[in-house]
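**Student:** Chains as they are written, first to last, in numbering that gives the first Met the number 0: chain S, 0 to 394; chain H, 0 to 394.
Simulated from the structure, these hints should not be mistaken for lab results. There may be inaccurate statements among the hints.
Which copy is meant is left open, because identical chains are indistinguishable; a pair holds if it fits in one copy or across any two.
[Stated by the list, open to error] Result set (DSBU-like, lysine-lysine): computed pairs, CA atoms no more than 35 Å apart in a straight line:
| id | residue 1 | residue 2 |
| --- | --- | --- |
| 1 | Lys202 | Lys160 |
| 2 | Lys80 | Lys24 |
| 3 | Lys80 | Lys388 |
| 4 | Lys191 | Lys307 |
| 5 | Lys11 | Lys231 |
| 6 | Lys6 | Lys231 |
| 7 | Lys381 | Lys160 |
| 8 | Lys388 | Lys160 |
| 9 | Lys118 | Lys11 |
| 10 | Lys80 | Lys263 |
| 11 | Lys11 | Lys202 |
| 12 | Lys24 | Lys350 |
| 13 | Lys80 | Lys6 |
None of the values given here were measured: they were computed from a predicted structure.
Protein chains: 2
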Amino acid sequence: MINSFYKEMTGKESVIRQFFDYSRKRAAEMGPDSVYNFSIGNPSVPAPDSVTRAMQELIANEDPVTLHGYSPTLGLPSTKKAIADSLNRRFGMQYTPGHIFPTSGAAGALAHALRAVTKPGDTVITFAPYFPEYIPYVTGTGAELKVVPADPTSFQINFEKLEEYLTPDVAAVLINSPNNPSGIVYTTETIKRLAALLEDRQKEYGHEIFLITDEPYREIIFEGTDSPFISKLYDNSICCYSFSKSLSLPGERIGYLAVNPAAKDAELIVPMCGQISRFTGHNCPSSLMQRAIEGELDNTSDLSIYEKNAVILYDALTEIGYSIVRPGGTFYMFPRSPIADANEFCWTGAKELGLIIVPGDSFECPGHFRISYCVPTEQIEKSIPLFRKLYERFV
Amino acid sequence: MINSFYKEMTGKESVIRQFFDYSRKRAAEMGPDSVYNFSIGNPSVPAPDSVTRAMQELIANEDPVTLHGYSPTLGLPSTKKAIADSLNRRFGMQYTPGHIFPTSGAAGALAHALRAVTKPGDTVITFAPYFPEYIPYVTGTGAELKVVPADPTSFQINFEKLEEYLTPDVAAVLINSPNNPSGIVYTTETIKRLAALLEDRQKEYGHEIFLITDEPYREIIFEGTDSPFISKLYDNSICCYSFSKSLSLPGERIGYLAVNPAAKDAELIVPMCGQISRFTGHNCPSSLMQRAIEGELDNTSDLSIYEKNAVILYDALTEIGYSIVRPGGTFYMFPRSPIADANEFCWTGAKELGLIIVPGDSFECPGHFRISYCVPTEQIEKSIPLFRKLYERFV
Numbered sequence: 000m001i002n003s004f005y006k007e008m009t010g011k012e013s014v015i016r017q018f019f020d021y022s023r024k025r026a027a028e029m030g031p032d033s034v035y036n037f038s039i040g041n042p043s044v045p046a047p048d049s050v051t052r053a054m055q056e057l058i059a060n061e062d063p064v065t066l067h068g069y070s071p072t073l074g075l076p077s078t079k080k081a082i083a084d085s086l087n088r089r090f091g092m093q094y095t096p097g098h099i100f101p102t103s104g105a106a107g108a109l110a111h112a113l114r115a116v117t118k119p120g121d122t123v124i125t126f127a128p129y130f131p132e133y134i135p136y137v138t139g140t141g142a143e144l145k146v147v148p149a150d151p152t153s154f155q156i157n158f159e160k161l162e163e164y165l166t167p168d169v170a171a172v173l174i175n176s177p178n179n180p181s182g183i184v185y186t187t188e189t190i191k192r193l194a195a196l197l198e199d200r201q202k203e204y205g206h207e208i209f210l211i212t213d214e215p216y217r218e219i220i221f222e223g224t225d226s227p228f229i230s231k232l233y234d235n236s237i238c239c240y241s242f243s244k245s246l247s248l249p250g251e252r253i254g255y256l257a258v259n260p261a262a263k264d265a266e267l268i269v270p271m272c273g274q275i276s277r278f279t280g281h282n283c284p285s286s287l288m289q290r291a292i293e294g295e296l297d298n299t300s301d302l303s304i305y306e307k308n309a310v311i312l313y314d315a316l317t318e319i320g321y322s323i324v325r326p327g328g329t330f331y332m333f334p335r336s337p338i339a340d341a342n343e344f345c346w347t348g349a350k351e352l353g354l355i356i357v358p359g360d361s362f363e364c365p366g367h368f369r370i371s372y373c374v375p376t377e378q379i380e381k382s383i384p385l386f387r388k389l390y391e392r393f394v
Numbered sequence: 000m001i002n003s004f005y006k007e008m009t010g011k012e013s014v015i016r017q018f019f020d021y022s023r024k025r026a027a028e029m030g031p032d033s034v035y036n037f038s039i040g041n042p043s044v045p046a047p048d049s050v051t052r053a054m055q056e057l058i059a060n061e062d063p064v065t066l067h068g069y070s071p072t073l074g075l076p077s078t079k080k081a082i083a084d085s086l087n088r089r090f091g092m093q094y095t096p097g098h099i100f101p102t103s104g105a106a107g108a109l110a111h112a113l114r115a116v117t118k119p120g121d122t123v124i125t126f127a128p129y130f131p132e133y134i135p136y137v138t139g140t141g142a143e144l145k146v147v148p149a150d151p152t153s154f155q156i157n158f159e160k161l162e163e164y165l166t167p168d169v170a171a172v173l174i175n176s177p178n179n180p181s182g183i184v185y186t187t188e189t190i191k192r193l194a195a196l197l198e199d200r201q202k203e204y205g206h207e208i209f210l211i212t213d214e215p216y217r218e219i220i221f222e223g224t225d226s227p228f229i230s231k232l233y234d235n236s237i238c239c240y241s242f243s244k245s246l247s248l249p250g251e252r253i254g255y256l257a258v259n260p261a262a263k264d265a266e267l268i269v270p271m272c273g274q275i276s277r278f279t280g281h282n283c284p285s286s287l288m289q290r291a292i293e294g295e296l297d298n299t300s301d302l303s304i305y306e307k308n309a310v311i312l313y314d315a316l317t318e319i320g321y322s323i324v325r326p327g328g329t330f331y332m333f334p335r336s337p338i339a340d341a342n343e344f345c346w347t348g349a350k351e352l353g354l355i356i357v358p359g360d361s362f363e364c365p366g367h368f369r370i371s372y373c374v375p376t377e378q379i380e381k382s383i384p385l386f387r388k389l390y391e392r393f394v
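One chain only, chain S, in its complex shape:
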């Protein structure tokens, strides 16, 4: 018989998906100018030309049996070395290839990191607002996800609450900075305070608490934002990364996890990931993609449009009267809804005007809404009068 757990899930469509589908339907019925789709986090800028050329050169010049042959279980040595070298150069770390595990994007990295440092029954902590896929990522390991409520004044960590949530069954803390959906980057002060608290609790509980950092937006940082390399500030950490946003390759499913060389059992974790893959049916990412990114690790797509859009949108919306914590990176912002019920605001109000924005309830942070501004700047500019109309309707 088919598995009833997964069967029951198929009926439940994600809210983001529902908005996305509405957006497509409206565009088909009323024309593409009738809708501003701010619901999806899909990069709007192309991969760098140099990435395209790297793929072309590999395909043209390499022996196909080698190029498309199996990667070793733990990833191509040249790719692992290139990633380690780039992180060391940029962030002053001491990674070796043995600390790097290429994965199918950040999703694959998180699934492996979580399995490596938890056992069924453990608790994993994250912070609202958070990416809703964390629930299956964590529960898929047999652990339980507990969510520390947001500090909506800054979207930095709510330490008062965190202290209550930290109990001896906590095996890992999962953070996402720069953050989806808030666009906030945790400051050096925030990370240092988190690190100090976790160090204390590690001693008190007599076991490690791993910090798993989900960093697909690491390269999308706006001017003047303090953005520490988190693993530099806490030893028991695993950095999970994806090239989906920085190199605009989301469909190619290429990322990695990097085990902090200072972590307990640091040398064991990547070999463990190789074992974990056997149980989940994961294998290395595409061998062509592993090779193609080797020379592109210090490079990014032209990400400037995201900051340009952020500035235009933030200035205009705050001028209208919206209350927003200014994003420090990503291509999201997370304004407060002018009415308490963000669902009503998004579904009834915004949708009618063709503004497709997502209520904060999806990110366990009600009373807010997410705008994904990875769209052409012209769309941002055209949408502003509608955001004004929407505000005036409710306030």
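Mind docking chain H on chain S? Use the hints.
**Tutor:** Frame of chain S, contents of chain H only:
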């Protein structure tokens, strides 16, 4: 703390891997001619030129934002349609795109299919000799793998034993045909008998028993071999496929599962796979690779070398005196070891001569050894005197 289950596994290296590593070491020390590496199932022929051209044209002509953008969770519609159409055309099936789920190779397909049709505590049956990765694939779902002993006279199914193993807790039967390591293809008669038995037991137990067919070698079939399309003969079936061998793309991790349209809940299984991915951290295979194979579904690499090698090797080894069930496909054969202890035969005898072959114990079929003959024909020819020497040493 790191997970002790996966930690303990890191110490245990697979026997195949140990042989492979020895082979590389010996080649480095004594020269490449000192070793005949028959341990690994890595295609030795290149991908078809048309696949290479398809990749090049996509990269040159398509908008990179679209080409490298996220696939829908259930796969690219055009890829799903092309796969369904090809299977329908070739095998007289009635697949729709909704029955097709693109995966990261056969490993990804099996991990999804197993989770879709079992629940923790269920039993999954397979047949010796079998691919040892079935153990983690099955136990990763929470089910238990039980292995029906081989019929070493034919390596078809041992039905007498199977009848004993079929109990009400069996949720799925997992078969691999053409088979790794035996090279045997299940005949129409075998599949029909299996189907009839499973139909009976479904009625008796009052629940479905899914047949999961692992078919990465489907296109490597030798002349005169009866090779039915298994899903045609049993309704509750899920076909798991990979392009690793047929198009020589193992490193690109591209395959699919195809749910039999006649299966119970056939329309639900692919959407369930989309949910399962969220828990395992799997996502669609590379969007470039999905697109690249669309026009190549009725095509293969030049696979003729595998049959050529099979014939030379089978004729020579049987002439020497080895007892072998003649392979009907794949690039493996599985001779009987001339001495009862195949480990001694492989480790002590063959290894000393530079013949790297794998004892059948790895496939839960002692007393045999596997030869992977996906190597240049010259190597096959040169190895024959060594196989003779080896035989004469023990007999």
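**Student:** Compare the structure with each hint and give your call.
**Tutor:** Okay, the hints, checked on the actual structure:
Taking CA atoms no more than 35 Å apart as the test, Lys202 paired with Lys160 passes inside one copy only; the shortest distance there is 20 Å, against 55 Å between copies. Taking the shortest Cα distances, Lys80 and Lys24 sit within 35 Å of each other only across copies (22 Å), while inside one copy they are farther apart (46 Å). Neither within a single protomer nor between protomers do Lys80 and Lys388 lie at most 35 Å apart by alpha-carbon distance, with minima of 53 Å and 43 Å respectively. Taking identical chains as interchangeable, the C-alpha atoms of Lys191 and Lys307 lie at most 35 Å apart only when both belong to the same chain, with a minimum of 30 Å there against 65 Å between chains.
For a Cα distance limit of 35 Å, the shortest separation of Lys11 from Lys231 across copies, 32 Å, qualifies, whereas the shortest one inside one copy, 40 Å, does not. In this assembly of identical chains, the alpha carbons of Lys6 and Lys231 lie at most 35 Å apart only when taken from different copies (25 Å versus 43 Å within one copy). Taking the shortest alpha-carbon separations for Lys381 and Lys160, neither the intra-copy value of 40 Å nor the inter-copy value of 71 Å comes in at or below 35 Å. In this homomeric assembly, Lys388 and Lys160 never come within 35 Å of each other (Cα to Cα): the closest approach is 37 Å inside a single copy and 74 Å across copies.
Proximity of Lys118 and Lys11 under a CA criterion of 35 Å is satisfied in both settings, with 28 Å inside one chain copy and 20 Å between copies. Taking the closest pair of Cα atoms, Lys80 and Lys263 come within 35 Å of each other only inside a single copy of the chain (21 Å); across copies the shortest separation is 48 Å, beyond that limit. In this assembly of identical chains, Lys11 and Lys202 lie within 35 Å of each other by CA distance solely across copies; the values are 32 Å between and 42 Å within a copy. In the homo-oligomer, the alpha carbons of Lys24 and Lys350 lie at most 35 Å apart inside one protomer (12 Å), although the nearest pairing across protomers, at 65 Å, exceeds that limit.
Taking the closest pair of Cα atoms, Lys80 and Lys6 come within 35 Å of each other only across two copies (23 Å); inside a single copy the shortest separation is 42 Å, beyond that limit.
The structure fails hints 3, 7, 8 (numbered hints given earlier, in ascending order).
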